[in-house]
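Starting from the structure of chain B, add chain V where the hints point.
Chains as they are written, first to last, in numbering that gives the first Met the number 0: chain B, 0 to 378; chain V, 0 to 407.
Calculated directly from the structure, the hints in this document are not laboratory data. Fair warning: there could be bad hints in the mix.
According to the in silico footprint, chain B covers these stretches of chain V (three or more CB under 8 Å from chain B) [what the hints assert, rightly or not]:
id, stretch
1, 26-35
2, 295-301
3, 345-355
4, 377-384
Sample of chain V residues with no beta-carbon within 12 Å of chain B, all distances over it, derived [said to hold, decoys possible]:
id, residue
5, Arg96
6, Pro109
7, Thr142
8, Val175
9, Val187
Ideal placement from N, C-alpha and C gives every residue a C-beta, glycine not left out.
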Amino acid sequence: MWWRDVGTLRIVAQVVAVAAAFAFLGYLYRNLVTNLRAQGIGTGFEFLARPAGVNVAGSGFEASQPVRSVILLGVKNTLALVIVGVPVLTVVGVVVGIARLSSNWLVRKAASVYVETLRNIPPLLVILIAFNAVLLPLPTIDNALHPLGVLVVSNRELGVPWLVPREGSGLYLLVLTVALVLAAGIWVWRTRRFDSTGAPHHRVLWSSAFLVGVGIGAYFLIGTPFQVSLPEVRDRIVVGGMAARASYVAVLVALAMYTASHVAEITRGSILAVPKGQTEAANALALTRFQRLRFVVLPQAFRIAIPPMINQFLNFTKNTSLGIAVGYAEVTLVTFQAIGNGYPAPQMILILMGVYLVFSLTISALVNILNRRLQFVTR
Amino acid sequence: MASRTTSTRRRGPALLWVQENLFSTWLNTLFTLIFGGLFLFAGVALVRFFLHAQFQIIVTNLTLFMVGRFPRELLWRVWVSNSLIVAAIGLAAGASRGSAKAGLEEAGLPVGGSRPREVVQRFWPILLLILVLLSLSRTWVPTGLTIVMGVTGLGAFACGVVLPASRRNWSFFVAVLMLVSAFAVLVVLGGKGWDSWGGLHLTVVVSALGILFAFPLGVLFAVGRRSSLPAIRFLSVWYIEFVRGVPLITLLLMGMFALRFLLPRGLNPGSVTRVLIAITLFSGAYVAENVRGGLQAVPKGQMEAALALGMGTWTTQRRIVLPQALRAVIPALVGQFISLFKDTSLLSIVGILELLSVSKIVNAQPSFFGQGLASVTLPFVGLIYWVGSYTMSRESRRIEGRLGVGER
Chain B
0 MWWRDVGTLR
10 IVAQVVAVAA
20 AFAFLGYLYR
30 NLVTNLRAQG
40 IGTGFEFLAR
50 PAGVNVAGSG
60 FEASQPVRSV
70 ILLGVKNTLA
80 LVIVGVPVLT
90 VVGVVVGIAR
100 LSSNWLVRKA
110 ASVYVETLRN
120 IPPLLVILIA
130 FNAVLLPLPT
140 IDNALHPLGV
150 LVVSNRELGV
160 PWLVPREGSG
170 LYLLVLTVAL
180 VLAAGIWVWR
190 TRRFDSTGAP
200 HHRVLWSSAF
210 LVGVGIGAYF
220 LIGTPFQVSL
230 PEVRDRIVVG
240 GMAARASYVA
250 VLVALAMYTA
260 SHVAEITRGS
270 ILAVPKGQTE
280 AANALALTRF
290 QRLRFVVLPQ
300 AFRIAIPPMI
310 NQFLNFTKNT
320 SLGIAVGYAE
330 VTLVTFQAIG
340 NGYPAPQMIL
350 ILMGVYLVFS
360 LTISALVNIL
370 NRRLQFVTR
Chain V
0 MASRTTSTRR
10 RGPALLWVQE
20 NLFSTWLNTL
30 FTLIFGGLFL
40 FAGVALVRFF
50 LHAQFQIIVT
60 NLTLFMVGRF
70 PRELLWRVWV
80 SNSLIVAAIG
90 LAAGASRGSA
100 KAGLEEAGLP
110 VGGSRPREVV
120 QRFWPILLLI
130 LVLLSLSRTW
140 VPTGLTIVMG
150 VTGLGAFACG
160 VVLPASRRNW
170 SFFVAVLMLV
180 SAFAVLVVLG
190 GKGWDSWGGL
200 HLTVVVSALG
210 ILFAFPLGVL
220 FAVGRRSSLP
230 AIRFLSVWYI
240 EFVRGVPLIT
250 LLLMGMFALR
260 FLLPRGLNPG
270 SVTRVLIAIT
280 LFSGAYVAEN
290 VRGGLQAVPK
300 GQMEAALALG
310 MGTWTTQRRI
320 VLPQALRAVI
330 PALVGQFISL
340 FKDTSLLSIV
350 GILELLSVSK
360 IVNAQPSFFG
370 QGLASVTLPF
380 VGLIYWVGSY
390 TMSRESRRIE
400 GRLGVGER
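Just chain B, same shape as in the assembly (with noise of 0.2 Å):
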């Protein structure tokens, strides 16, 4: 009988499954709509234009910009979190892991506290932890503290010295690339001697002592291009120098430490995933321990830890919508706003969903590569 066939069973149950989905995708959108028009709410994107009606504190921008502008405006904050926050947690995270295998007893145990009570608690309790419990008792802007000299520390924004660019900077950045490229060759040519006599090659020697002998050379050449900038607090504002809000500050160093337990024990697992046989045939050929990490269990531990690392990565970029809580103006916070001043939301929901999905979409399908190239070659 031909319904009893398999084939026939096989289409029948997907058409049966995707129009059930449909159906239901189609009921709510039916609901939606119909919601929508009775309270009077269009169901298309074009508020996208109108003005926002939101103050982000701190930024310069105007209340009667667009609302297309002030989600762009979120997803550059939160971009701001995430270039800083990855490389930051990222060395605390394989220093920490590192730590707690320590031969120190004290150092391991250090390690372990710092894993085990931050990787307990949740990333937002951190966040306010830092927000309100460290950050806002610190004196307010005018009575701002100026420790050492150099750094301007109040509960509404913290300033550091930075470099800014001045006449000729442009030229200088460009012999930079260059001489990092002309290292970069140095390098090979390196290698290659090396490769063909067998004499030793001191490439990083070679080449690093290359790219500073360039850098502080033009750098004189050119007559200082940068020039430091000292943060200094002037009508209620922290100019010159480089300045953070406090709610940055807060969401930044709580994520990244909370990150950080995370990748410690990620750290911790792949060196001790490393099979043993393979430090023992490291020492049994009598490598240094130098050696034995460099070139036996590190390259080794580093593609077991690769795909979970990236995995934390995401983790993070996604609780920096955090920062809602502490009135960080990422872009969470922002289609929260917007959703108050009375736009419609499920349209505003949908766009940051949409924007979390684009950067969730790009980091894994960059997993994807990395898994792909760095695989073993097994049989």
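Using the frame of chain B, we list chain V on its own:
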């Protein structure tokens, strides 16, 4: 490295251990001095915090932290409900202990007695938390009721252990019944629905119900993702990847602000119901990925053997694949439960009075406003979260070891 240190500790004198572990090289000595200083500094800071902190804010609001705005005259319902839960857990634990004991006796192996010391070692954070909470209470009533609850749990445990083998399955049924009635006690006959619940109680309920509802959803999508039918596979992958790609807060915002537009007019569930829907959809995707891991761990030969025996696709999945997969997945599910437990803190952003929101509103009370007491309430809330997550993660590692996951 670690194994060497423990062996020297056992063999050599304490001095040798100190030399090996703290001062083996000049670098190590430097580290020891730096970190010793750090620990000393942290210890002093901690002592100073305890000496100066104003715990009055917690003492005054302890009930608020525990149950939110649950009507105070109905608090007995919470106690009864909690006792039922404790009894249910005790009964189930007792029954499984009883069956383990019977198994050992049958095999002629020695049966270890109950070891209170082991219980303390395993659950010291929870015991500590209970002590802290009771010491912050103003009356002796909670202490008395806690003791009653503890006795109830122990009694149920004893009942479970001595239960004859034929009645063991029955005891699990009773435990489930107790859990359901624990819920009913709060709601029926003049009780309050979960929109009036709050504090730690709501946090625990939302995470438990979230994982409970997410589980079937997750199994469905996990099986769907491994289906040989492309359309079903695509639907599952899309769902899972979509949900995993967005932060929980966006789904919560959807639940709070956009869900009412998606439902038929007139249907407007309460706020806790709405966030529970969001949380279920969210956790479902993560549970699906966990279950998928478990499904992948089941050797293909198992399914082939079942098919060779003439079992159908459904029977094979239900009787052969899923039982093995789900067993391997328990630790990962506990992990998911832990992160859900932590994630419930986000409910404070959408205005639900769970544990973290309580710490926010008590700081706005006239008698405590503007005194910087967030530095007291936030660590207090943090301690509760920490105890819950830390205990569960240790238990999950224990289960993992017992199941031998990752060793096969």
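Quiz item: Broken hints, numbered, in rising order?
Solution: Number 2 - this is the single hint that the structure violates.
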